[in-house]
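Asker: Chains A and B are the protein sequences, given in the same order.
For the first sequence, UniProt numbering begins at 1 and goes up steadily by one.
For the second sequence, UniProt numbering begins at 1 and goes up steadily by one.
Some clues are possibly wrong.
Put simply, identical chains are the same to the list, so a pair is met inside one copy or across any two.
[Claimed, not checked] Derived pair list, reagent style DSBU-like, types lysine-lysine, alpha-carbon separation capped at 35 Å:
hint: 1; residue 1: 444; residue 2: 29
hint: 2; residue 1: 29; residue 2: 68
hint: 3; residue 1: 449; residue 2: 3
hint: 4; residue 1: 450; residue 2: 58
hint: 5; residue 1: 344; residue 2: 217
hint: 6; residue 1: 120; residue 2: 217
hint: 7; residue 1: 3; residue 2: 108
hint: 8; residue 1: 140; residue 2: 444
hint: 9; residue 1: 68; residue 2: 2
hint: 10; residue 1: 449; residue 2: 2
hint: 11; residue 1: 258; residue 2: 208
hint: 12; residue 1: 58; residue 2: 191
hint: 13; residue 1: 140; residue 2: 2
hint: 14; residue 1: 39; residue 2: 372
Note that these hints are calculated values from the structure, not bench results.
There are 2 protein chains.
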Amino acid sequence: MKKADVVVIGGSAAGVCAAITAKRHYPEKSVMVIRCEEKVLIPCGIPYIFGTLGTSEKNLIPNAILEKNNIQLVIDIADSIDAASRTVALHSGESVQYEKLIIATGSKPIVPPIPGVEKKNIIAIEKDVDLLQGVLRDLKIITDLVIVGCGFIGVEFAEECKKGNPQLRISIVEMMRHCLQLVYDNEFCQKAEQALAAQGVSLVLDEKVEAFTGNEKVSGVRMKSGKEIKADMVILGIGASANAELAEKAGLELGPCKAVQVNRYMQTSDPHIFACGDCTEKVSFFDGKPSSMKLASIATMEARIAGANLFSSSRMNMGVIGVFSTVLGNAAFAAAGLTEEQAKKLGYNIVIGESEAVNRHPGDMPGAENMKVKLIFEAGTQVILGGQIYGAKSGGELINAISAFVHQRMTVNDLATFQLGTHPALTASPIVYQLVNAAEMAIKNLKSKKG
Amino acid sequence: MKKADVVVIGGSAAGVCAAITAKRHYPEKSVMVIRCEEKVLIPCGIPYIFGTLGTSEKNLIPNAILEKNNIQLVIDIADSIDAASRTVALHSGESVQYEKLIIATGSKPIVPPIPGVEKKNIIAIEKDVDLLQGVLRDLKIITDLVIVGCGFIGVEFAEECKKGNPQLRISIVEMMRHCLQLVYDNEFCQKAEQALAAQGVSLVLDEKVEAFTGNEKVSGVRMKSGKEIKADMVILGIGASANAELAEKAGLELGPCKAVQVNRYMQTSDPHIFACGDCTEKVSFFDGKPSSMKLASIATMEARIAGANLFSSSRMNMGVIGVFSTVLGNAAFAAAGLTEEQAKKLGYNIVIGESEAVNRHPGDMPGAENMKVKLIFEAGTQVILGGQIYGAKSGGELINAISAFVHQRMTVNDLATFQLGTHPALTASPIVYQLVNAAEMAIKNLKSKKG
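My request is simple: use the sequences and hints to build the entire structure.
Answerer: In structure tokens form, the structure reads like this:
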């Protein structure tokens with residue numbers, strides 16, 4: 001029987017990060033990662049295989065990161081966990097004894113029960129190198145691609161597949177009124193839609209797929225409205241569900257999203273077993289209600305809590321804020337916390353503030369690009385609930401300042417007097433700095449609301 | 001007699017921002033800015049006139065920003081303030097009555113009492129368009145430039161003057177051991193020195209200027225070591241002192257740095273007069289002791305407090321954190337709060353953490369550049385004291401997240417579990433994300449320190 005003090009099942013973002021954290025916090029303990037894949041894909045990088053990178057091989061999490069941290073890697077399938085004897089049975093017939101176990105088994109793409117979904121060339125994007133290399137080859141020879149779902153996977157795949165094969169006709173079908181609607185407010189979604197349209201991607205919004213047509217192979221997508229689009233390939237990008245079967249079979253409690261239930265310390269219903277990442281239940285930072293948000297950055301945050309808490313609890317999970325970013329066209333789109341629409345739906349009395357300026361000063365400095373910041377506050381306490389950024393790519397880092405504001409429940413006055421760093425070659429001027437001016441505009445809007 | 005509810009003396013970063021803030025918070029009040037310059041330079045943009053921009057005309061604060069906010073602009077010199085009658089006497093003979101006054105008279109460059117400093121072609125960088133246009137012309141025809149002082153002005157001028165005239169021989173003389181030593185720790189300063197050396201700038205460190213030689217015009221700079229460098233022009237970049245004469249003549253209290261004394265609400269010793277920006281006393285965020293830090297971003301922060309507090313106090317100045325950034329070579333250098341060296345000098349028991357990674361994931365994504373983050377914590381409470389960033393230009397925005405951490409006195413565990421936003425095309429991967437990993441390394445260092 002193999003043996004390690006800490007055994008991690010899963011070798012993607014959560015698993016790797018949990019293992020490294022365990023080793024950092026308990027250097028005297030032996031740490032082992034069990035994963036089923038020979039090669040592990042960087043999850044967020046997958047769309048970029050199809051255009052910018054050109055191959056799966058350039059989008060792998062290197063094993064060196066485990067070796068460097070003295071973490072043992074076992075490539076095998078974890079078939080079952082026996083919590084009583086603290087052992088994991090492997091598919092190869094081997095078993096592994098653990099002192100503490102971390103389950104980081106991730107998620108799998110949702111395949112909707114739509115008639116015809118089983119046809120050939122309808123692809124749910126699994127984190128599987130061979131599958132993706134096959135898709136990559138096929139994308140170069142087909143003419144019509146339909147993507148179902150206009151979330152991050154949908155929009156990023158559309159742009160990248162177009163980069164990889166500019167002749168390809170691409171349509172995205174989305175049930176909701178706007179693309180990326182769950183993450184951005186309408187005005188930002190519209191910018192994203194414009195960026196996609198400018199690249200020749202057709203958006204079919206506010207439409208539901210009723211059936212996939214064709215014989216053995218898919219040849220079209222029929223909508224509820226009766227409209228039909230030609231399709232040589234369909235990519236499903238409508239979300240993912242937790243891989244919680246292994247945990248469930250081991251008798252661990254599942255939660256409302258059918259993911260592994262954990263407490264604020266990332267401990268499952270068995271005190272020796274922790275869980276983190278996409279396979280794990282989450283709650284919202286704002287109201288503590290169940291959240292099905294799945295992001296590599298959330299997975300690693302949870303992994304850093306799980307890994308540190310294994311032998312003594314020092315970290316607590318505050319719930320997910322949700323910090324997102326992407327690039328469409330040449331503009332960054334970033335968001336943290338609640339959107340205006342989400343906050344309203346949840347019943348908050350809100351006030352917003354917006355500010356737009358170039359990210360250099362003077363505007364003649366090289367690299368000058370527009371950047372817009374929108375902030376959402378609770379109107380009574382004036383505490384920030386969220387923010388969105390559009391434009392210059394440094395917005396991808398600025399969103400982390402907004403995440404910190406949300407995390408600390410800072411007020412609109414805290415933000416209006418925030419001590420920012422500015423430089424002609426790096427940011428907007430301190431006079432028009434977007435973050436601070438958006439807070440000032442929210443105060444102005446508050447006053448006119450009251451008065 | 002002219003009249004305005006709010007009168008602001010000074011039209012640079014602090015003055016403009018105070019006026020706009022006053023108008024935003026008290027839209028019913030009339031606001032007037034009195035400034036002596038026909039054209040106002042963007043202060044931080046001045047070095048860029050000499051290379052990147054090529055002319056002062058591209059580095060002006062537009063008057064439109066005042067017009068747009070319904071702020072009256074008077075170009076005149078404020079000769080004196082009569083606090084009793086609440087009037088300002090102007091050089092033109094006019095006078096202006098105010099209800100509330102904001103003094104934002106800025107600073108002037110320090111001219112050190114070194115023998116020969118009065119010689120022609122020794123230039124203290126005033127915010128004066130004509131002076132700078134003259135320097136710009138001269139820089140194209142001279143062969144040897146010596147810059148005294150290797151702070152931000154020194155290093156940025158050196159790089160930009162070289163851009164403007166690649167034939168120019170440039171030396172910087174600095175008393176301290178490293179360039180930018182007051183803002184960055186040694187390893188960062190050395191990167192800056194390498195960047196300057198790579199562009200052919202000579203650094204003369206750990207050397208004091210003893211005299212400027214030549215007849216009417218400067219021809220050389222003699223050091224204490226006896227060494228002499230040829231100089232057709234000398235630029236003085238050794239700091240600035242508060243323009244507080246007007247306030248002093250009006251009977252307002254000055255403080256330990258001979259700047260206008262204010263309370264936490266930016267009120268001077270006269271309750272109807274506020275002050276902000278470089279002319280104003282500051283204290284450190286960390287220990288409340290006097291600080292002589294002068295930055296446009298601090299000036300605008302103070303202006304936003306002064307302008308909002310004019311008729312009712314709603315904002316408090318927490319003292320200066322100090323958030324700096326610049327670009328040298330093609331790398332950003334950013335810092336917030338205390339450096340390791342400063343923290344040690346102040347008597348803190350500290351622990352540091354460092355992390356370096358490319359700012360994209362995978363590293364084959366376009367635009368991938370290295371980014372290093374260093375964080376400094378108090379070892380007992382584990383509260384963050386400061387941070388520094390080197391490398392990719394998005395560091396210019398990421399430093400604002402570190403500023404927020406410092407402002408909120410967040411702990412190393414808060415940072416290690418920080419909810420970051422990551423994206424292949426914008427940031428490092430969530431596994432190696434520098435900010436969070438620097439916190440983890442600090443925890444590791446803490447443990448090895450204790451154990």
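Asker: Is it within, between, both or neither when you check residue 344 against residue 217 at 35 Å Cα-Cα?
Answerer: neither (44 Å within a copy, 69 Å between copies)
Asker: Within, between, both or neither: how does the pair residue 58, residue 191 come out at a Cα-Cα threshold of 35 Å?
Answerer: both (30 Å within a copy, 30 Å between copies)
Asker: Pop the pair residue 140 and residue 444 into one bin, within, between, both or neither, using alpha-carbon distances up to 35 Å.
Answerer: neither (53 Å within a copy, 48 Å between copies)
Asker: Is the C-alpha distance from residue 68 to residue 2 at most 35 Å within one copy, between copies, in both cases, or in neither?
Answerer: Answer is within: at 21 Å inside a copy they meet the 35 Å cutoff, but 73 Å across does not.
Asker: Since the copies are identical, ignore which copy is meant and state whether residue 450 and residue 58 lie within 35 Å (CA to CA) inside a copy, between copies, both or neither.
Answerer: The answer is neither: 55 Å in one copy and 41 Å across copies each exceed 35 Å.
Asker: First find the shortest C-alpha distance between residue 120 and residue 217 inside one copy, then the shortest across copies, and answer within, between, both or neither for a cut-off of 35 Å.
Answerer: Cα proximity of residue 120 and residue 217: one copy only (4 Å, versus 84 Å across).
Asker: When Cα atoms must be at most 35 Å apart, do residue 444 and residue 29 count as within-copy, between-copy, both, or neither?
Answerer: Answer is between; shortest inter-copy Cα gap is 14 Å, intra-copy 56 Å.
Asker: Cα distance capped at 35 Å. Does residue 449 pair with residue 2 within a copy, between copies, both, or neither?
Answerer: between (66 Å within a copy, 34 Å between copies)
Asker: Within a copy, between copies, both or neither: where do residue 29 and residue 68 come within 35 Å Cα-Cα?
Answerer: Result: close within a single copy only, 15 Å intra versus 64 Å inter.
Asker: Under a CA distance limit of 35 Å, which applies to residue 449 and residue 3: within one copy, between copies, both, or neither?
Answerer: between (64 Å within a copy, 30 Å between copies)
Asker: Since the copies are identical, ignore which copy is meant and state whether residue 140 and residue 2 lie within 35 Å (CA to CA) inside a copy, between copies, both or neither.
Answerer: Classified as neither; 45 Å inside a copy, 74 Å across copies.
Asker: Treating 35 Å as the Cα threshold, decide for residue 39 and residue 372: within, between, both or neither.
Answerer: Result: close only across copies, 28 Å inter versus 39 Å intra.
Violated hints, in rising order: 4, 5, 8 and 13; the structure is consistent with all others.
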